[in-house]
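> Line order of the protein sequences matches chains A and B. Just so you know, this note's numbering puts 140 at position 140 of the first sequence, and the rest follows in order with no gaps. Just so you know, this note's numbering puts 12 at position 12 of the second sequence, and the rest follows in order with no gaps.
Read the hints as simulated data drawn from the structure, not as lab findings. We put the beta carbon where it would ideally sit given N, CA and C, even for glycine. Check before you lean on any hint, since a few could be wrong.
Stated by the list, open to error - Between beta-carbon pairs, the in silico distance windows are: (1) A/Ala119 to B/Pro117: 52 to 60 Å; (2) A/Gln76 to B/Gln162: 23 to 31 Å; (3) A/Asp405 to B/Asp42: 40 to 48 Å.
Said to hold, decoys possible - Quick list of in silico lysine-lysine cross-link-like pairs, DSSO-like style, CA-CA up to 27 Å: (4) A/Lys190 to A/Lys63; (5) B/Lys185 to A/Lys442; (6) A/Lys59 to A/Lys190; (7) A/Lys254 to A/Lys442; (8) A/Lys393 to B/Lys185; (9) A/Lys59 to A/Lys168; (10) A/Lys59 to B/Lys185; (11) A/Lys168 to A/Lys41; (12) A/Lys190 to B/Lys185; (13) A/Lys41 to B/Lys185; (14) A/Lys168 to A/Lys31.
To be verified - To give a feel for the contact side, a few chain B residues facing chain A, derived at Cβ under 7 Å: (15) Pro63; (16) Ala67; (17) Arg70; (18) Ala187; (19) Ala191; (20) Ser195.
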Amino acid sequence: MATRHPSRVTTRMSDQERFPLLTDAGRALLKRLREHPYAPKYTAECGNRLTAEYLARVKAFEKELQTTPVGWPVGQYPEWLDGFVELCFAEVPFYRNYGERPTRFEDIPTFDRAELSRAPWAFVPDSQALDGLIVNSTSGTTGHPLTVISHPVVGGSYTPLLKAALAKFGITLTSGPGEVACVLVGYQQKAYTYASVTPDQNDAGHLKLNLHPADWRNPDDRARFLDDLQPEIYTGDPLAFAELAQLPLTHTPKALISTAMTLLPGLRQQLETRFQCPVVDIYSMNESGPIAVQVTNSASSVARHQLLHHRLYVEILDAEGNRCPPGARGEVTLTGGFNPFLPLLRYRTNDYAALDFSGGAPTLLNLEGRAPVQFRAVSGQTLSPLDVTGALKPFALPQFTLHQDAAGALRMRVRGSNANPEEIRAALLQLFGVAQALTIEKVQTFGGAGDKVIQYSSDL
Amino acid sequence: MLQEGPYLETLTRRLAETPPDFLTEPKIGPAGMVHVDAVLADIVRELGGGSLPEDVARLLNPPAKEAKERRKFLRLALLVGWLLADPWFRGKPFAQLALDFLRGADLQQLAQMLDAPKLIADAERREELARLVLKALNLRPAGENEAQAQDRLMTINSSERQRVIAAARAAEERARQIREEMARKAAEEAADKWSRE
């Protein structure tokens, strides 16, 4: 997730800049959300940044979503792919360095997160104007931390994509002025939290909140605030939803949308029972935005994630880079996307699934992405990988792994950094507790294929 | 001292007429069709050589993870092979010099600057490759003396390098603008979105 820490934001904006199309109703709602007696101690301010032109582009994308079939015939390519590849080779420095475009699509080299993280600017097409450019820095819960160059239209386009996912469950969002459409919940030591409005939902409210008790004047305010807001949906990750389920909430949302890490069937069932609504798992990443939505229930033996939109072409590649036939498991590899600053051309995601075409739209079977990981401090308090990333951020470590064994001991391996191990130790002990068992090793390589690593793991 | 070689026009016309087989995607990992090491091995044998030395074989058959770095070089190596298959060279003891050329910096640098199809479409680039191959074999084009051959190579090398340097400067300027904008925006608020990753 984006972990722009509030302390790193030094250029404050006005609400006019954050919300270029703010209506009177939107302004009134923002005031209510910010000054609410049970509101959290917001740590930041953030807006949709959508001008009239940008909103028109979001709405145009929404129309495309509603009218363009998803997918491509088995053994063939989407119609848009040829022109997209042509643009990549003509205009994108990273792909231009490959040399002339190969005749066959499968002869185009692949690339991965490590290469993207080294030079994100090399993926910006030559003709792409830099107006509206924004920067999202990801926390790197898997592999390398990553800076993704993006645009308000990209963030705005998440709204119609999530709505398209909800439509598969017969859910339509009806919120409007003065109401709250979506609350995004997290559970971390520190997080970026704010209130916003969404012009693509008639200026209905959208909030980003942290359910950690330290973010609230009174921990009981969490349930009071949320019950007063009555959001149509919650979005968040499984760890945050597990905390949400503990709160004495009485309001029933229309749905929970889970992203960022694998939603295990047991938790999904618990959440569905607790909140009496569908719990929708969406496969999404910073590099591409939302990709696919799970259309099977928790009792299914095969999890099926159906592709959400028409602007992605998905391949499954084996360890040698050969394309797998439908039904065979391999690495999910993406081409396309809707971020004009990051056209993806055979991007290997380090997530695994098989591809199936039997249900209409291309579907990923038994997707394995990021497993939910929890750490435990000496005090017994649960810590999220995001808390660890926050603690280690000052060291700008290029690559590291952290594992907690069943007895609670931590083992950290660091590659390619000159950071002082004692300073790293001090930062981690501050988070976990001074009595925390911790070993830190410097390594030359992690030894995996292509040096891919699972950054955070735990035997707890 | 450079010995007299074939007429330059023979080689540049040969390059202009490169058959599709020598422009086919080189095999690197799962991608491509042409085994460049096998093609060059045959040609080196025609030049009096034995099996490809291990380092050259590795150079011409890199692992899949090196695809991006080595693709252009392999495509150029195929063109060099096509040139060396010219009847003028056949049966003459050029194997060792040919292998040294494949290993050398001149070919690596040319590969970084230009891809094979663009090279054969450009008259001056065809001439440059032909002259580089001749120089590597200690030859000069028929009808030129040593000084003329060296002067001409230096001139066309230089014009291409000027073009490449200008293109590299433009690319770096664009990259710098983007990085500057990123640095400026990194201190600003971003834009919200309904879900996290």
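> Find the hints from earlier in the document that the structure breaks and name them by number, from lowest to highest.
Going through the list in order, the structure violates hints 1, 2, 3, 4, 5, 6, 7, 11, 14, 15 and 17 and respects the others.
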